[in-house]
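Take a look at the letters that make up each chain.
Protein chains: 2
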Amino acid sequence: MTPENSPEALRHREKMAKRKAVQDAEVASKIIAEKGLLMVHTGPGKGKSTAAFGLVLRALGHGWRCGIVQFIKGAWDTGERRALERFPDLISWHTMGEGFTWETQDRARDAAAAKAAWTKARELMADPDVKLVVLDELNIALRYDYLPLSEVVAALQGRRPGLHVAVTGRNAKPELVEAADLVTEMNLVKHHFKAGVKAQEGIEF
Amino acid sequence: MTPENSPEALRHREKMAKRKAVQDAEVASKIIAEKGLLMVHTGPGKGKSTAAFGLVLRALGHGWRCGIVQFIKGAWDTGERRALERFPDLISWHTMGEGFTWETQDRARDAAAAKAAWTKARELMADPDVKLVVLDELNIALRYDYLPLSEVVAALQGRRPGLHVAVTGRNAKPELVEAADLVTEMNLVKHHFKAGVKAQEGIEF
Chain A
1 MTPENSPEAL RHREKMAKRK AVQDAEVASK IIAEKGLLMV HTGPGKGKST
51 AAFGLVLRAL GHGWRCGIVQ FIKGAWDTGE RRALERFPDL ISWHTMGEGF
101 TWETQDRARD AAAAKAAWTK ARELMADPDV KLVVLDELNI ALRYDYLPLS
151 EVVAALQGRR PGLHVAVTGR NAKPELVEAA DLVTEMNLVK HHFKAGVKAQ
201 EGIEF
Chain B
1 MTPENSPEAL RHREKMAKRK AVQDAEVASK IIAEKGLLMV HTGPGKGKST
51 AAFGLVLRAL GHGWRCGIVQ FIKGAWDTGE RRALERFPDL ISWHTMGEGF
101 TWETQDRARD AAAAKAAWTK ARELMADPDV KLVVLDELNI ALRYDYLPLS
151 EVVAALQGRR PGLHVAVTGR NAKPELVEAA DLVTEMNLVK HHFKAGVKAQ
201 EGIEF
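In the order they appear, the protein sequences are chains A and B.
Here the first sequence is numbered in my numbering, starting from 1 and rising by one per residue.
Here the second sequence is numbered in my numbering, starting from 1 and rising by one per residue.
Excised from the complex, chain A in its bound form (with noise of 0.2 Å):
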């Protein structure tokens, strides 16, 4: 008896290719080919913006053009900034916001910082030749009112059919969960921080 021909070959051989066929039946059976998605990444673990941004990535591989806007982060980011100048002519980022909402304290200008952020998010939704946009921490502006949530979530629904937008942040509002199509939640199993280790360079910043 060959190796291929264990029982135990035989039988992961007989399991996988019943995965594969319910694989295959669910692929089959999706019928709408291309649709710009609202991604929406929220709760309160990591990778909310690290996912984003790795959606970022993959949509360069692909030569797409893509809109960056940064809600409420200030210095933030700054590893994933400076990759991305390598991409000069498909990346446009904006970072609208000046630290966290914690960090300065003033209501009045988060809030204007967040519309001035949300007037640049409709501007690059606007844009023909971009298909991904990044709102980070869109969220966070929702949360605290700086922003009008049934407009914003409007604009995003009455999106350009090509358009993929991620929205990041925790507390996603309900009723922007409703309107998206694939909402993923980051939840936090273990942190380092609960160590005693601090925020790593190049890994948290």
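If you are wondering where the hints come from, they were derived from the structure by calculation, not from laboratory data.
Wrong hints could be hidden among the right ones.
Identical copies go unnamed one by one, so any copy, or any two together, can satisfy a pair.
[Unchecked claim] List of simulated lysine to aspartate or glutamate pairs, DMTMM-like, C-alpha gap at most 25 Å:
(1) LYS190 x GLU175
(2) LYS20 x GLU204
(3) LYS35 x ASP145
(4) LYS115 x GLU8
(5) LYS35 x GLU201
(6) LYS115 x GLU201
(7) LYS190 x ASP24
(8) LYS20 x ASP89
(9) LYS18 x GLU8
(10) LYS35 x GLU178
(11) LYS18 x GLU178
(12) LYS18 x ASP106
(13) LYS15 x ASP106
(14) LYS15 x GLU85
(15) LYS35 x ASP127
(16) LYS35 x ASP106
(17) LYS173 x GLU201
Knowing the structure of chain A, use the given hints to seat chain B on it.
Same frame as chain A, now just chain B:
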């Protein structure tokens, strides 16, 4: 009364000042300044590999050399791969898998591919110039017992002090979670597949 002195603005400022004090105290309490982290992205949701590629993007912005080993996927991830070609000086990419396991249905071939990938992973982890190693879908290889769990966990725990490692894939083994510094679980709240939309080029591959 100027808007900056309205009761609402004062309340907001006070709340944010308290939040900042908590935040500052938390940062000050961290005693381990630099440590290579073992990060695990698991769970049934989207974004596990994508967030790992986002980490790579951030690391590249800091000028770090990064290694990527794909344990299972083959034809997948063409977008990231093409985008990372703009960093030939910093990226070392290795795809050892030959497609999802339910595509191949050949346990012996998959196990051999996983072993070859693990050898490459150990090489990258030993290279003092590499600061971040992504072991994409290693969890799947462990789940199917293609690799000895205890040996893999021991090697990850015994990594060089400054080396960051990100491991992705569903169903992370408890032993790996135990050894990790940071574990994030991606959960699916909503998925467009359910609404009959096909996997979208540029977003999902």
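For each hint, the structure was consulted:
1. LYS190 x GLU175: between (29 Å within a copy, 13 Å between copies)
2. LYS20 x GLU204: between (38 Å within a copy, 19 Å between copies)
3. LYS35 x ASP145: Neither. Shortest intra-copy (30 Å) and inter-copy (38 Å) distances fail the 25 Å Cα cut-off.
4. LYS115 x GLU8: Close across copies (19 Å), not inside one copy (61 Å); limit 25 Å.
5. LYS35 x GLU201: Between copies only: 10 Å across, 37 Å inside.
6. LYS115 x GLU201: Classified as neither: same-chain Cα gap 30 Å, cross-chain 32 Å, threshold 25 Å.
7. LYS190 x ASP24: Between copies only: 21 Å across, 35 Å inside.
8. LYS20 x ASP89: The answer is neither: 40 Å in one copy and 38 Å across copies each exceed 25 Å.
9. LYS18 x GLU8: within (16 Å within a copy, 61 Å between copies)
10. LYS35 x GLU178: within (17 Å within a copy, 40 Å between copies)
11. LYS18 x GLU178: Neither. Shortest intra-copy (33 Å) and inter-copy (33 Å) distances fail the 25 Å Cα cut-off.
12. LYS18 x ASP106: Only across copies: LYS18 and ASP106 sit 13 Å apart there, 58 Å inside one copy, limit 25 Å.
13. LYS15 x ASP106: between (59 Å within a copy, 11 Å between copies)
14. LYS15 x GLU85: Classified as neither: same-chain Cα gap 46 Å, cross-chain 37 Å, threshold 25 Å.
15. LYS35 x ASP127: within (17 Å within a copy, 43 Å between copies)
16. LYS35 x ASP106: neither (40 Å within a copy, 35 Å between copies)
17. LYS173 x GLU201: neither (31 Å within a copy, 28 Å between copies)
When each numbered hint is compared with the structure, violations occur for hints 3, 6, 8, 11, 14, 16, 17.
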